[in-house]
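Peer 1: Kindly generate the complete structure, drawing on both the sequences and the hints.
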Amino acid sequence: QKEVEQDPGPLSVPEGAIVSLNCTYSNSAFQYFMWYRQYSRKGPELLMYTYSSGNKEDGRFTAQVDKSSKYISLFIRDSQPSDSATYLCAMSAIKAAGNKLTFGGGTRVLVKP
Amino acid sequence: GAVVSQHPSWVICKSGTSVKIECRSLDFQATTMFWYRQFPKQSLMLMATSNEGSKATYEQGVEKDKFLINHASLTLSTLTVTSAHPEDSSFYICSASPTGGYNEQFFGPGTRLTVL
Numbered sequence: 213q214k215e216v217e218q219d220p221g222p223l224s225v226p227e228g229a230i231v232s233l234n235c236t237y238s239n240s241a242f243q244y245f246m247w248y249r250q251y252s253r254k255g256p257e258l259l260m261y262t263y264s265s266g267n268k269e270d271g272r273f274t275a276q277v278d279k280s281s282k283y284i285s286l287f288i289r290d291s292q293p294s295d296s297a298t299y300l301c302a303m304s305a306i307k308a309a310g311n312k313l314t315f316g317g318g319t320r321v322l323v324k325p
Numbered sequence: 416g417a418v419v420s421q422h423p424s425w426v427i428c429k430s431g432t433s434v435k436i437e438c439r440s441l442d443f444q445a446t447t448m449f450w451y452r453q454f455p456k457q458s459l460m461l462m463a464t465s466n467e468g469s470k471a472t473y474e475q476g477v478e479k480d481k482f483l484i485n486h487a488s489l490t491l492s493t494l495t496v497t498s499a500h501p502e503d504s505s506f507y508i509c510s511a512s513p514t515g516g517y518n519e520q521f522f523g524p525g526t527r528l529t530v531l
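Residue numbers (this note's numbering), protein chains in the order written: chain A, 213 to 325; chain B, 416 to 531.
Careful: at least some of the hints might be erroneous.
[Said to hold, decoys possible] Simulated crosslink set (DSS-like; lysine-lysine; CA at most 30 Å straight-line): (1) B:K470 / A:K254; (2) A:K254 / B:K456; (3) B:K429 / A:K254; (4) B:K470 / B:K481; (5) B:K479 / A:K254; (6) B:K456 / A:K312; (7) B:K481 / A:K254; (8) A:K324 / B:K456; (9) A:K312 / A:K279; (10) A:K279 / A:K307; (11) B:K435 / B:K481; (12) A:K268 / B:K456; (13) A:K312 / B:K435; (14) A:K214 / B:K481; (15) A:K254 / A:K312; (16) B:K435 / A:K254.
[What the hints assert, rightly or not] To give an idea of the interface, some chain A residues facing chain B are shown, with a C-beta separation under 10 Å as derived from the structure: (17) K254; (18) A309; (19) G317.
[Said to hold, decoys possible] Okay, the calculated beta carbon distance ranges per label pair: (20) A:S294 / B:E437: 27 to 33 Å; (21) B:K479 / A:Q213: 27 to 33 Å; (22) B:T472 / A:E269: 33 to 39 Å; (23) B:L483 / A:L322: 35 to 41 Å; (24) A:S265 / B:E437: 38 to 44 Å.
Calculated from the structure, these hints are not laboratory results. From the three backbone atoms N, C-alpha and C, an ideal C-beta is built for every residue, glycine too.
Peer 2: Structure (structure tokens):
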């Protein structure tokens, strides 16, 4: 069993819909959680960074962390075709710079006009 | 801010030759940089962790003599694929972790290597 599980998709939604993405993990030591967006043939781009449990909102993006369930989510409101990409969750137990991240396999999202 | 560049963006080489890929943090210093490999429609596979001024730490199964990493300064790490073979063809991505920052990583745009 992988340490971080993520549905590979593809997840297809109509433009304007809410995109709901999630990851489950098994390591209870994870405290720092990130979401990256990766367009085809490009490097990942950091979207959201959260610590411990709770919600964080940034524009159309909302990240949620439920440590008791070992479950994190990313919601994208008012989705646009430009949101079509692969979304990767990543997590770490240690805050310090230079520590490895554990990535999910990524969910491919397709927003149809 | 937090821009990472990679050069070249794509390269084609003949089997048996060596290829060097550069990773630069443009607006921050990075004591630690990471090198990943990614196959089509798959997630990132960490190859090695590169620390400025010291030897890289390779993940299990990665041949350190084949994938040479040099982190000569706080803004530059290089990956050299030695004696490249077609099976080394892949998308190579570096990331950098800002010195004194947290554990977030900022990624370069990637380098597509094709070995003929």
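Peer 1: If a hint holds in the structure, say so; if it doesn't, say that too.
Peer 2: Hint check:
| no. | hint | in the structure |
| --- | --- | --- |
| 1 | B:K470 / A:K254 | holds (28 Å) |
| 2 | A:K254 / B:K456 | holds (12 Å) |
| 3 | B:K429 / A:K254 | holds (24 Å) |
| 4 | B:K470 / B:K481 | holds (14 Å) |
| 5 | B:K479 / A:K254 | holds (25 Å) |
| 6 | B:K456 / A:K312 | holds (22 Å) |
| 7 | B:K481 / A:K254 | holds (24 Å) |
| 8 | A:K324 / B:K456 | holds (20 Å) |
| 9 | A:K312 / A:K279 | holds (20 Å) |
| 10 | A:K279 / A:K307 | holds (16 Å) |
| 11 | B:K435 / B:K481 | holds (12 Å) |
| 12 | A:K268 / B:K456 | holds (29 Å) |
| 13 | A:K312 / B:K435 | holds (23 Å) |
| 14 | A:K214 / B:K481 | holds (27 Å) |
| 15 | A:K254 / A:K312 | holds (20 Å) |
| 16 | B:K435 / A:K254 | holds (19 Å) |
| 17 | K254 | holds (6 Å) |
| 18 | A309 | holds (5 Å) |
| 19 | G317 | holds (4 Å) |
| 20 | A:S294 / B:E437: 27 to 33 Å | holds (29 Å) |
| 21 | B:K479 / A:Q213: 27 to 33 Å | holds (29 Å) |
| 22 | B:T472 / A:E269: 33 to 39 Å | holds (36 Å) |
| 23 | B:L483 / A:L322: 35 to 41 Å | holds (39 Å) |
| 24 | A:S265 / B:E437: 38 to 44 Å | holds (40 Å) |
In this structure, none of the earlier numbered hints is contradicted; all agree with it.
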